[in-house]
Structures are given as C-alpha cells and as structure tokens.
Amino acid sequence: MDNFKVGSKIFKSRLIVGTGKYKNFQETADAITASGADLVTVAVRRVNITNSTEPLLMDFVDPKKITYLPNTAGCFTSEDALRILRLAKESGGWNLVKLEVLGDEKTLYPNMQETIKAAKILVSEGFEVMVYCSDDPIACRQLEDLGVVAVMPLGSLIGSGQGIPNRMNIEIIKKQSKIPVIVDAGIGTASDAVIAMELGCDAVLVNSAIAKAKNPILMAEAMKNAVIAGRQCYLSGRMDKINLASASSPAQGKINN
Amino acid sequence: MDNFKVGSKIFKSRLIVGTGKYKNFQETADAITASGADLVTVAVRRVNITNSTEPLLMDFVDPKKITYLPNTAGCFTSEDALRILRLAKESGGWNLVKLEVLGDEKTLYPNMQETIKAAKILVSEGFEVMVYCSDDPIACRQLEDLGVVAVMPLGSLIGSGQGIPNRMNIEIIKKQSKIPVIVDAGIGTASDAVIAMELGCDAVLVNSAIAKAKNPILMAEAMKNAVIAGRQCYLSGRMDKINLASASSPAQGKINN
Amino acid sequence: MDNFKVGSKIFKSRLIVGTGKYKNFQETADAITASGADLVTVAVRRVNITNSTEPLLMDFVDPKKITYLPNTAGCFTSEDALRILRLAKESGGWNLVKLEVLGDEKTLYPNMQETIKAAKILVSEGFEVMVYCSDDPIACRQLEDLGVVAVMPLGSLIGSGQGIPNRMNIEIIKKQSKIPVIVDAGIGTASDAVIAMELGCDAVLVNSAIAKAKNPILMAEAMKNAVIAGRQCYLSGRMDKINLASASSPAQGKINN
Amino acid sequence: MDNFKVGSKIFKSRLIVGTGKYKNFQETADAITASGADLVTVAVRRVNITNSTEPLLMDFVDPKKITYLPNTAGCFTSEDALRILRLAKESGGWNLVKLEVLGDEKTLYPNMQETIKAAKILVSEGFEVMVYCSDDPIACRQLEDLGVVAVMPLGSLIGSGQGIPNRMNIEIIKKQSKIPVIVDAGIGTASDAVIAMELGCDAVLVNSAIAKAKNPILMAEAMKNAVIAGRQCYLSGRMDKINLASASSPAQGKINN
Amino acid sequence: MIKIQLNGEIQELSKRHNIDELLKIFSIDPNKVAVELNRTVVSKDKYITTYVSNQDVVEIVTFIGGG
Amino acid sequence: MIKIQLNGEIQELSKRHNIDELLKIFSIDPNKVAVELNRTVVSKDKYITTYVSNQDVVEIVTFIGGG
Amino acid sequence: MIKIQLNGEIQELSKRHNIDELLKIFSIDPNKVAVELNRTVVSKDKYITTYVSNQDVVEIVTFIGGG
Amino acid sequence: MIKIQLNGEIQELSKRHNIDELLKIFSIDPNKVAVELNRTVVSKDKYITTYVSNQDVVEIVTFIGGG
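Residue numbers (the working numbering), protein chains in the order written: chain A, 301 to 557; chain B, 301 to 557; chain C, 301 to 557; chain D, 301 to 557; chain E, 31 to 97; chain F, 31 to 97; chain G, 31 to 97; chain H, 31 to 97.
You may find that some hints are simply not true.
To list a few chain E residues with every Cβ distance to chain C over 12 Å, as calculated [what the hints assert, rightly or not]: (1) Met31; (2) Ile32; (3) Ser44; (4) Lys45; (5) Glu51; (6) Asp59; (7) Lys74; (8) Thr79; (9) Tyr81; (10) Asn84.
Some chain G residues flagged as far from chain A (calculated, every beta-carbon gap over 12 Å) [unchecked claim]: (11) Met31; (12) Ile32; (13) Asn37; (14) Ser44; (15) Asp50; (16) Lys62; (17) Ile78; (18) Thr79; (19) Ser83; (20) Asp86.
What follows is a list of derived Cβ distance ranges for each label pair [unchecked claim]: (21) E:Arg69 <-> B:Ser424: 33 to 39 Å; (22) C:Gly426 <-> E:Gln35: 29 to 35 Å; (23) C:Gly426 <-> B:Ser308: 49 to 55 Å; (24) B:Ala551 <-> G:Tyr81: 29 to 35 Å; (25) B:Ser308 <-> C:Asp302: 57 to 63 Å; (26) B:Asn543 <-> A:Gly447: 33 to 39 Å; (27) C:Ser546 <-> A:Leu535: 30 to 36 Å; (28) E:Ser57 <-> C:Lys478: 45 to 51 Å; (29) A:Gly447 <-> D:Thr353: 52 to 58 Å; (30) F:Arg69 <-> C:Asp302: 49 to 55 Å.
Simulated from the structure, these hints should not be mistaken for laboratory data.
Here the structure is a predicted model, which means the values were calculated and not measured.
Here a beta-carbon is modelled for each residue, glycine too, at the ideal position from N, C-alpha and C.
Chain A on its own, in the form it takes in the complex (with noise of 0.2 Å):
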C-alpha cells in the first residue's frame, strides 16, 4: 500500500485537513470524514472559563480516530511558538506538530529566520517536527538538516486560493529532500491539489479550500480524489508534451487510401 510516513508515524491518506474556517464542529467533522483524512490540524486556544460547557472539537472529531496535528497559527514570535506546542504536547502527548512562525498579519508569509530558530530549539526538545515554510529550496534544505520530518511550503498565501504559481521550486525542494514534501496553502480548488502531487509532494493540506466551498463537505471528497488522482498520476508517469498533433488512429487501413 502506498501509505503517507512522516516522522514516526504512518497515515492512510495524503490530503491532511484543516479544522478551521467551518460553520460549526458537526460540518468540520462530516468534512473531515467525507475527506479521508486521518491527519487534521487544530489551532490551541484558551478554553472558555465563564462557560466550560460549551461544545470542543474533541466532542466531534476524536483524537484517537484522527492524528491531531497542533500547529502555531497566529504565532509571529519563536517564542510564541515554542510556548503554544509545549502546552500542546502535554495537552495530549502530541509529539508530531506543524510550526509556523508568520512574518506578518497581511501575508502571513512565513518569517523563515524565526521559523528555523524555533525548530532547532522543538527539535532538541524531541517534538517531530512539520514546518510550514516558504518555496525557498536552501531553506528548505535547512530545515532538513536540522532534523524536522517535514517541510511545508506555501504554494500561495494562507486562504488565498491562488494555487502554485511557481512549480519549478516545489520540484526543487521535493528532488532534493529525503523527507516529505507537503504543500501548505494556497490550495484553492481540486485541480491545485492535484498539480501539487502530480509534482511528486508527498501530502497536501487543505482547509480554506472545503471550509469555504458552497458545499463543504462534496468539496471534501473532491480533495479526496484529487489527491488519489494525482498520487497515482504521479506514480504512472506522465505522457512528454509535444509541440505538434499526434493522431490516436492509425492512418494504416484507412478506406480512402
């Protein structure tokens, strides 16, 4: 089976979701479930005091069926980061966490000076490391040489749907590394994912793209089988382009000859 390993774990589907975005937790997890995930991120906040009880994500998605991955959104500073996925490891033992460190709240462009000094330091510490990152194919390989089990970089902005305008870098970075290659945002309908993993990335993270569909959860298993589709086109091998026609008939037989 041509299942997805990142760091020490094992995962039945390359399309890993996100949890954010949606109307309520019932739609987030019918999506979560028509997507096929069994990797899902989730943001770590202050629970509610004044009224504890109010409805969590865990009461819909299961942590046991479903690979939670914390990740640091919202995070500008290291330091922040650190802070949010030490509190997220004790929280539930998580060990495998997706660290971004944003550069700023426009772009939410990832500070990749930040974003290689908190690795090093969640490395150290023993956390199992992803890493949203930009298309920068030397960062990239500095992150691997750190020891993080994953490099995510962006194929455009968080939630802008603008796809992967610059696919040459995506194949650099996935040619060159030992470790998986996830894009991470900018996913924006069915065909991006599929150019994604028809570059050779071994997953894909999805969530703007399903939460903000008029229909969430048929996009979701879209984003199924278009990460199917191009995991498997990837694996057959793409016919070469050519600059002229190519008759599908034969001419030989042909009546009028």
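Here the structure of chain A is known, so what remains is to put chains B, C, D, E, F, G and H in place on it, guided by the hints.
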C-alpha cells in the same frame, strides 16, 4: 445519481477513453476497466483479408458491455467521414457517432467548414452526432443549432498533452450550450482533466495521456479519479480567489493576546 | 528598414491602433501621434443630419497622413459587412479594409462561416482584405487561399484585455502563413503586445488597452515601444529556457578556489 | 525625468545589465551601448599573473562612463562575499555593491541566512548594498530594515530564462518597500522584462537573456525598449481585465439599425 | 413635395433633388462622406446626375472612431 | 472468373458470389464487419441477395483501436 | 483570598488551590486541556501538588479548529 | 630569496618587495587591481610601505565580466 446523458444514451462515467496507441488489445481492455469508462471511441478500418484469424478489438472489449463510439479519425473531407460513419452504423447498428473532419496532417486541427457540412447531413440521416471541433463558441452554437448531440472542443492539439490553454473559450461554450460539452484532445495529465471538469464540462475524452503513460493502467485509474474529483469540485462551488492571505485559525483566544 | 508590408501598402509602424473609446477626437489624435501608428482602424456610421457642423474624425486625424483602415465593427452578417465596405471604398477610394463579421453581441467572437463568405466576395471585388478571425489555423489558411492580404486572429475577446492565452495557435498560424499575421483583440497591456510580436506576428492591433488606460497618451507610447521591443526580440532570437541555473559569472579565477 | 535612484546614485536607465557570458569584451561593450544601461554588474577575479598583457574589461568598458556594480557571484558564505566586496571597494572606491550569497551550485538560489548576515556587516562598513534575494516578502523587509539600498528578488533561477512565475510575491514586495525593487535573474525574453516593470519594479537586471541571444546586440536594444515600455505601461495604468467582450466601435449610427 | 428616408428618418423635400443638392441642403461636405441610394453606393461623379425620388432610402455616412 | 477490388487489392473469384459467400471465402465473421459495395453500404439482410460482379469495388471493415 | 490572572482575566479564589481543584472550580475536564503556570507547562501528574499563589498567571488551553 | 603564494601559486622573489614593486615585477597596472595581503586588503596608499614576507599569501584581483 449524477449520470452523463448524451443524445438518447446514459452513461455512468464522465470519462470517455480512446482505444488507440496501446501496446496490444489486452492492455487496451485493462486500461478501459481501470478507467471505469463505459463509452470508448473506436476507428473503422479494413479487415485483414490475408489473415482473418488475427484478433479483433471486439474479442477483448465487448461492445455489449462497453459502448463503442465510432469516430472518423483520419478523414479530411466530409465525404470520407460520411462514408465511414454509414459503414459504422451498419456494422453494429451504431447511431451515436463521433464526427471529426481534420484540416491537416500536422495539426489534426478540425476543418470546421467541412465538419459543419458533414454534421448537417449526418443529423438528417438520423445519426446522433458528437462533434470534435475547435473552441470557437460561435461554431459550437451553429453545430448545436444543427442538432448535434454534443460538441467536443479541443483543449489543445490531438496527442500534444498541452492541456487547456484557452479556458475562457471552454467556459463560454459551456455556458451557452444546452447539449453536453466534452473536452476532446490535449489532455496530458490528471490535472488537465480536472480543470476541464472544473470549467463545467460534462465529460472529458482521453486517449494518449493514458496510452502513452509509463504505466497506462494506473494512469487510467488516475484519470477516473481526476474526472470524479473535477466534477465534484465543480458541483461543490470553489472558494473565491483572494489577493491577500486569510488565516485558517481564529485570532480569538490566543494566549499571547 | 524593417517595414511592415500588407497588401500593396507599406507602413513604418507595426502597431495598428483603433480610434474608438476615446474621450474626444483630440485625445484620439494625440494617442495616435504618441503611438507612432500610421495605420488606424475607423468605423463607418451615419453623419449627423440635424447638426452637420459637429466635428468629424477627419478634422483631427488627417487621412492623407494616417491611413484609415475602415472596419465592419458591429456587422453580424456578410451582407452588412459588404454594404459598409463598399460605402467606405467610395467615401475615400479605400481599398485596404478590415473585415469583421461578429457571431454575437456578448462575445464579439467572429462568425467564421459568414466571414469566409464575405471575404470571398470582397476579394473578387478587388478589395485588399484584412480579416479579423478566430485563432483557428485551418480557417486562417482557408482565408489566405481565398486571397485576403492579412489574417487577424484574436488574442482573446475584443476589449477583454485578457491577452493571448493560446500562444501555440498563434505560432502555428504564423508558421504556415505567407501573408501577415496580426494579433487583433485581447491585448490589455504592453507585455501582451510584446508576446504577440515575440511569437513572430507581423503586427498588433490595439484599441481598448490604450483608450481605456488611465493615461492613454503615455500608454500609446508604451505600446509603441512594446511592439518595437517584441519585434527586435523576435529577430534577435531568444535564449533557450533551461530547467536549472546557469551562472553569469565565471567560476575560474575565484580567490577562494 | 523619470530617473532611477538607488542609494546615493542616480541612473538614466532602469535596465541594469550583466557583463558575463559574452563572446568577448568587444561584444560586451557593444551590448552595453545598445542596452543604454549606465549600471553594469561585474565580478571580481584574480588577474592573470603569467600574462599581464591580456586585455581587461576596463579597457573596453570605461568605469568613468558606465558605473561598475561589483557582485559576489560564486560566493557561498558571507565571509567570501565580504572579502570580495572589500577588495572591490579598494580597487576603485566602489561603495555601491551587489551582494549575493548562493545556496548551492545547482540552483544558485540565495542562501538568505548568510545573505542577511553579510548584509548587516556590509551596511555597518558603509557599503551601499543591493541584495540578490529570494522573492520572500518577509526576508525583503528584514533586509530593508537592515539598511540595504535595494532588494533584488529573483524572478526565477539565474540563467534559466524562466521569467517570473510568482508575480504576486514581486507585487507584495514592491508594495511594501520604500527602497527600489529590482527583478534579478530569470528574465529570458523581452516580455519577461516588461512584466517585471508592469508589476511596478524600479528596474530589471538582465544578463543571460542578452548574452545568450542569437543576436546579443539586437536583444540588448530589445531589452532597452522593453524596460521603457514596461515602465510607461506601469505609469499609465492599464485597463481592467474583463470577462466578456467590449466593442471598440460604437453601436450608435449603424446604418442597419 | 417628396418624402425620403434619410439616415433612418423621414425628410420632406420641396422637389426631387440630386445628391449634390441634397448634401448642400444639409450642408454636408461631399469629400467627407459616402452616399447610398436604395442600398446602392452612389459614386461621387454621379452626384449631379443622380436624383432622389419619393420613398427613396438614402444613407449618408462618414468615418468615426472605431476599433 | 471475375475480378474484384477487395480492400484495395485485386482478388479473383471463380464466379459471381453474394456477400455472404464472399465473407465465408475469406472466413470473416459477418457480425464483426460492415460491407461496402461500390461505395454503398450493404445492409446485413441483403448479404444473400447482393452479388458482386466483375470490376466491383468491395470494402470490408471492422472496428479497431482509435482515439 | 488570592487573586490570579486566569486566561487573561483576574479571578478571585477563596484560598490557594492546586490545579486539580482549580479545574473543578471552573468545571473543566482535565483530559481536554493543558495548563500553564507563570509561562511554564504544568504536567498532568503535577496537578495535585502544584498550587497557585496570589498574582500567579495561569493559562488553560484546549484544541480548537485551525488550519 | 623568499617564497610567497600569489593568486594561488607559489612564486619566488629574490628579496622582500613592497606591493608597488611586486606589481611592477608582474607588470600589473596598480589602477586596475586590488591587493590582499594575508586576507587583509592593502589600500593603494600603502603599496610603498607594505612589504611581502616569506610564506605570505597575496591576492591580486581585478574586475571581469559577471552577471
């Protein structure tokens, strides 16, 4: 169920596959099975008089189970095309046919003048005509007005694997058409097929991309999933593209607030 | 000198500009001057009977200095187009004309059936016909065989500013044609015009991109330089694209060797 | 006049050209003249001890007329880059320099960690530093905050001629920067240069696209006009793209109304 | 008294005029226009000899800005 | 003894045969082919009654792989 | 009577409580949260032995939907 | 008799020379080069007063074509 209706026929799959360019009939049959297609294009050619024992396509792909769609590949005049399709009709009572009248050997681009001429006659003779055509919205409407049952605009040159450079034309054609719009020619990889379906097309025809892949059977499966993903994506309504980032995790509740 | 020859006429500039959509005739005249164009398209319309004193285009743009190219904009049948061009011919002895027969109001895409019909008649009446057409290589060859003096395939829809999505078609048309190939419609910005010329086109026709710019006069100059740059680039033969990096500075002689 | 100001210097041309990869110094000089550039990059290398009579770049390109911009091409550590630029400074009192610290031989992609380290030191030593960098908006802002005088994000890999796949990043960098933004690397043809300028960049650096053209001198002229066209286009404000057609000739006054 | 349709509108003329007179009546410069009488172009050298009759349809056109 | 052109090649037949016989001679399964006689399709129910004559041009076609 | 800052807000407690009691007071399921005391994570096995003092800053967090 | 490493190659000098002399020996125009002595730049005004010793590493560089 989201079936694919063309003319008087209904098909389960929105992926139509060609049967040319395979190593042998067995590979052809296996690829069709993997693709899930229940409509396949076939060419009409002279039987081998000197060796009537050599196997035929029909011995591997049962026309009772998989609908044959006779094409006029290799015809450069309306006369040739008519002659081929009248024979096809007789040979199996086929009524549903694929008309293509080519403009030249180098590009295999359709000759729309001859195509329209032939379409008119075929419709008058009671054929259900699916037409390989250019991505010219006006010519497509003229064909629809003539009574053809489907227009099949090329994505790019036959066998080129160049995908669908001009998406706006395909979208315009789809928006204006009451009959099915099928992207024919140019599909080179899974994402091309997904894009065709995301544009709203009713089906996709693929031959070279499957037959010329390193692993045709796996690519056939990739295309099956690609067409399903693209269709689901179209039906679910993709998110809007935006020019800046949009966080997938809420700011509210951050401990560093 | 690298002049632009079409039919029996020779022009200095490879930029043809339209005269529509300007604020007033003065702006039109200034834009033409800035563009360096010596061939401009004009429409034929009824004179204002009730106020014959209102200024005319001719009062601002001297047809003796700038060649008028009468078009058939707004014609949806070959009859209408013929009628317009016969009037145009009379009104100034114009022989060189631009034929366009449109398919519908929404897309202004050419109706190639009617276009070919009208072209045949105009050629027989001794017109030098430049033809707005689809980017269909076969239809372009049919027009050339009919004796038109230039084919003018659309880059994208008239006034859309969407550029040239299907570059392969334009290249094929250029390669096969002995008459000038001019990209008409769709040019939205300077780089679009450069790309058209880089593809080998003999000239470019621009109207909306200039008239609808915030500063039409400066954009006219931009287009002038764009067409020159694109032509020089085509003639000088661009470098090959390569998939990896290639240093511009030699390794030899490095002090850290 | 729309001059190009970088650091304390003002240049007439917004086209910066490299001086590498030419057949000989004469061709280099002729290309510079044709390009109109008054700022050219140069590398620092050992003099030939064994044959001190061999001609030097300075004998063909007068540094008093054309400003030399010493680069650190081929440096893979900040130390090497510093060493080179300190020598460059001494050799001609050059203060305005181009820093590039590369990540690996295969991609020549910048090592942003080392680049930022070196930039900090160079600024403190009073250099005016122009920096070859990735198209990472956050890294570019960090460089600007360090006091460099220009950021030079790559369009694509050095010498690849792949153009500017990720235009959104370049736009974001331009919008946020108070210092000049110059697209360096990847320009393969005139339209690439125009696109860079249309995105609002202050200048473009071109080497391979000129030196590797079949006719470098003509291509140099093409690039000159391309940069001018792109700049004018940017300043004049392009029309909006629209999804349907918009007639350039008025409907009013049509004789067939 | 005759009626013609001129550029889509009914116009009354005191009597039958030739094209040349017709243009003068509406003070139109012959050099800047072309004239169509009942869907047939009238060449400039026929302006004197060509008369409009009752019910005739006349089009007088010129060049305007167009793309 | 007659000569016909069959799928582009001259074939000699001892006598005039009907299509049904012709297919048998070349051991071709009628259900898998279509037959054209002098550019006109012969429907299956006419195979017995349709005879080929000297100089006739016959095409026997089937379906093969095509895109 | 002590005051602590809990999830950004001042809370008054009758006396010093350990984390375990603190969670009970706010009826929070210990298995679904993590606790930070003065910026240091408190491991679950220390909930009984770890007491909050006056002026302490406590964060109690859980997982929510995020991309 | 001293040995120095000049631009990566061993060179023998009859005696200790200053940079100015060194350049003359190899007939190099001082205005077109920069000199590094043991990884430190030697400013032009120090060419007379700066002497190379045995084992010294000297680099003499100039500008060449580069992108």
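* Asked: Taking the closest pair, is the beta carbon of Thr79 (chain E) still more than 12 Å from chain C?
  -> Consistent with the label, Thr79 (chain E) stays out of reach of chain C, its closest Cβ about 16 Å off (over 12 Å).
* **No chain A beta carbon within 12 Å of Asp50 (chain G)'s** => Per Cβ check, Asp50 (chain G) is outside 12 Å of chain A; nearest 15 Å; holds.
* **Asn37 (chain G) and chain A, when compared Cβ to Cβ, separated by more than 12 Å** => 4 Å, violated
* Asked: Given a hinted range of 29 to 35 Å, is it respected by the beta-carbon distance of Gly426 (chain C) and Gln35 (chain E)?
  -> 30 Å, holds
* Does Ile32 (chain G) sit more than 12 Å from chain A, CB to CB? -> Holds, because the least Cβ-Cβ distance between Ile32 (chain G) and chain A comes to about 16 Å, which exceeds 12 Å.
* Asked: Taking 45 to 51 Å as the hint, is the beta-carbon distance of Ser57 (chain E) and Lys478 (chain C) inside that range?
  -> Since Ser57 (chain E) and Lys478 (chain C) have Cβ atoms about 48 Å apart, the given range 45 to 51 Å holds.
* Asked: For the pair Arg69 (chain E) and Ser424 (chain B), does the Cβ-Cβ distance stay inside 33 to 39 Å?
  -> Once the Cβ atoms are compared, 35 Å apart, the range 33 to 39 Å for Ser424 (chain B) and Arg69 (chain E) holds.
* To do: Take a quick look at Ser83 (chain G) and tell me if its Cβ sits farther than 12 Å from every Cβ on chain A, holds or violated.
  => 19 Å, holds
* How does the Cβ-Cβ distance of Gly426 (chain C) and Ser308 (chain B) compare with 49 to 55 Å: does it lie in that range? -> 51 Å, holds
* Asked: Is the Cβ of Glu51 (chain E) farther than 12 Å from every Cβ of chain C?
  -> 15 Å, holds
* To do: Taking the shortest Cβ-to-Cβ distance between Ser44 (chain G) and chain A, state whether it exceeds 12 Å.
  => 17 Å, holds
* **Nearest-CB test (12 Å) between chain C and Asp59 (chain E)** => Violated: least Cβ distance 8 Å, not greater than 12 Å.
Checked against the numbered hints above, the structure violates hints 6, 7, 13 and 16; every other hint is satisfied.
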